[in-house]
Amino acid sequence: MSEGYEILTLDEVETAEHRGSNLIPVRYLLGFRPAGVNAWIADAGGQLIPPHEEDSGNEELYAVVRGRASFVVGDETRDAPAGTLIFVEAGHHRTATAEEDGTIVFVVGATIGEAFSGGGWDTFAVAYTLQRAGDMDGCRRIMVEEMERRPESWELPYNMACLEALAGNADEAFAMLDRLAPAPPELREYLENDSDLDNIRDDPRFQELLK
Amino acid sequence: MNVTHIDDLAGIELADGFVWRPVRRHFGIKAFGVNVYTPGASGQIVEEHTERQLGHEEIYLVLRGRVKFTIDGNEHELGQGQLVFVRDPSLKRAGVALTDDAAVLAIGGKPGEAFEVSAWETWFAAAPLVEAKRWDEVIAVYNDALAEKPDHPALLYNLACMEAQAGKKDEAIAHLQRAIELRPEFAESAANDEDFASIKDDPRFPR
Chain A
601 MSEGYEILTL
611 DEVETAEHRG
621 SNLIPVRYLL
631 GFRPAGVNAW
641 IADAGGQLIP
651 PHEEDSGNEE
661 LYAVVRGRAS
671 FVVGDETRDA
681 PAGTLIFVEA
691 GHHRTATAEE
701 DGTIVFVVGA
711 TIGEAFSGGG
721 WDTFAVAYTL
731 QRAGDMDGCR
741 RIMVEEMERR
751 PESWELPYNM
761 ACLEALAGNA
771 DEAFAMLDRL
781 APAPPELREY
791 LENDSDLDNI
801 RDDPRFQELL
811 K
Chain B
304 MNVTHIDDLA
314 GIELADGFVW
324 RPVRRHFGIK
334 AFGVNVYTPG
344 ASGQIVEEHT
354 ERQLGHEEIY
364 LVLRGRVKFT
374 IDGNEHELGQ
384 GQLVFVRDPS
394 LKRAGVALTD
404 DAAVLAIGGK
414 PGEAFEVSAW
424 ETWFAAAPLV
434 EAKRWDEVIA
444 VYNDALAEKP
454 DHPALLYNLA
464 CMEAQAGKKD
474 EAIAHLQRAI
484 ELRPEFAESA
494 ANDEDFASIK
504 DDPRFPR
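So the sequence lines, in the order shown, correspond to chains A and B. Each residue of the first sequence is one higher than the one before, starting from 601 at the first, in my numbering. Each residue of the second sequence is one higher than the one before, starting from 304 at the first, in my numbering.
Pulled out of the complex, with its shape left as it was, chain B reads as follows:
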């Protein structure tokens, strides 16, 4: 049987202090987005964010402990078996654990569209390697994701960021050019992105 327990799932602590436990990746789920979050050192359990860019509806279900959610500026304390459904992608949402054992199951996706793995999963998975500047391993994580979705604009853009920091100028420029071809608004993002500092003076840098 394909079974695990939330305490046995590998966790990656992200910079905001929450721990991402990648359920979808663990099981290889392809039909929907699902993850577990637990608190890190800061007590944060759901990072403050909106879903404006992805247009996702989200459900956060408290599996254990107590969590204080702040949704659209309103605070709600939820316990085991309580959930918040954030229908409006533009609402700011965040969660702080009120007990050390808190665990939240998060489910999300875009209405009317088949599920597609979001680029942030790869971003999260590579985060500890980025922190350690282990660039070859970071790039390998992105290449694994791109093997499944070769023309994913955000993955290509992020890969270019990593390659620029790794000093792989040619690869960074090629991937950035391709990302901008697929999503032209990335040109403006790239112009203001510190990650590209090492390649901005290159005449091939897209403008």
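Extracted from the complex, chain A is given alone in its bound form:
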């Protein structure tokens, strides 16, 4: 195989946890750049697609690759056997549950009129899963790579601070939060309400940040 192409078997990929669902992080693994591409896998009764809405202009296509899913878009529910395609425009609440073991749904998404800028949430899901498994080195490596790729993002060091705080690494967490100067306007609300930071909330350095 040359470097110009890659083959992936969806059910052989190690999944990442994201909001109660099992993500097959296709975009992260392949580095596909024109659109967001990912897949989700669940056994019967399990949540496939986390309940969510997309931001303005985001379009998503869901393809049931294997098994059978039950999709809810708005207040409508549909049985979706393998081969079903569901298109959901921005603003519609959507979720899906597996009706058979090993059900896989593939998703493509992007925003109308905008160049796709590379997700980020999926990379974070992979890093979060590694942190939960105790692989802090792996978690840091992924987040550092992503921060190098997108130095303009304040969300990445913020999320890395959360991961360090969850792992009980206060010094590393504050080192990440120190990168957020000048602080974005949303930061204060996050600092006040994010339970991921509970481990470092009583530290005097945290109080300093809130000033």
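No lab work stands behind these hints, which were simulated from the structure alone. Among the hints, erroneous ones may be present.
[As the list claims (entries may be wrong)] Have a look at the derived ranges for each label pair, beta carbon to beta carbon:
#1 Glu484/B - Ser670/A: 32 to 42 angstroms
#2 Gly415/B - Gln647/A: 28 to 38 angstroms
#3 Gln807/A - Asp454/B: 36 to 46 angstroms
[As the list claims (entries may be wrong)] Derived list of chain A stretches under chain B, where covered just means 3 residues or more per stretch with a C-beta under 8 angstroms from a C-beta of chain B:
#4 634-643
#5 657-670
Predicted, not measured: the structure shown is a model, and the values here were computed from it. Cβ atoms here follow ideal geometry from the backbone N, Cα and C, with glycine treated the same way.
Dock chain B against the given chain A, drawing on the hints supplied.
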């Protein structure tokens, strides 16, 4: 809910023997390129091509059945839930169905750019009408596409090809001139394009 099944999607069998099932057009998707392919009479499911001209990255995901892909001269048999990501646009790629029920989901686009509908979609959509020489309907398909992208050079060039074959000389020359204004390299393509045989002797034919 905006839902369909791959077996319920309308299909257009192209000359290479594969069937194009236009998912993007079916749903009116504007943010990314996506289609389904199934095998036609020849068993071909993905036409042999490169993405050199468009610079697209592509993913081919097998939704059903088995497919033998040939990528850069290497053969790979893939089944349901397996995909090939062709990162390098210059690599030649093709797929042949190994089972009659095979279906492939194809996703493509150019990194760093907002998605734009490719001219080949209109070419594919008009193909059966071209085959039947139903020129007025062919031209209507192109005009529909141009209504959304009036200055799309490849669409204008292809429309000129169709108009030349339909005997609409004035329109063909006007559209060809505009296509070359927008993309000068089309002048060389036009000089060697059999589709323009009926207008090549016209003094207005761009040279």
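Cross-check of the supplied hints:
no.: 1; hint: Glu484/B - Ser670/A: 32 to 42 angstroms; result: violated (53 angstroms)
no.: 2; hint: Gly415/B - Gln647/A: 28 to 38 angstroms; result: holds (34 angstroms)
no.: 3; hint: Gln807/A - Asp454/B: 36 to 46 angstroms; result: violated (59 angstroms)
no.: 4; hint: 634-643; result: holds (count 3)
no.: 5; hint: 657-670; result: holds (count 7)
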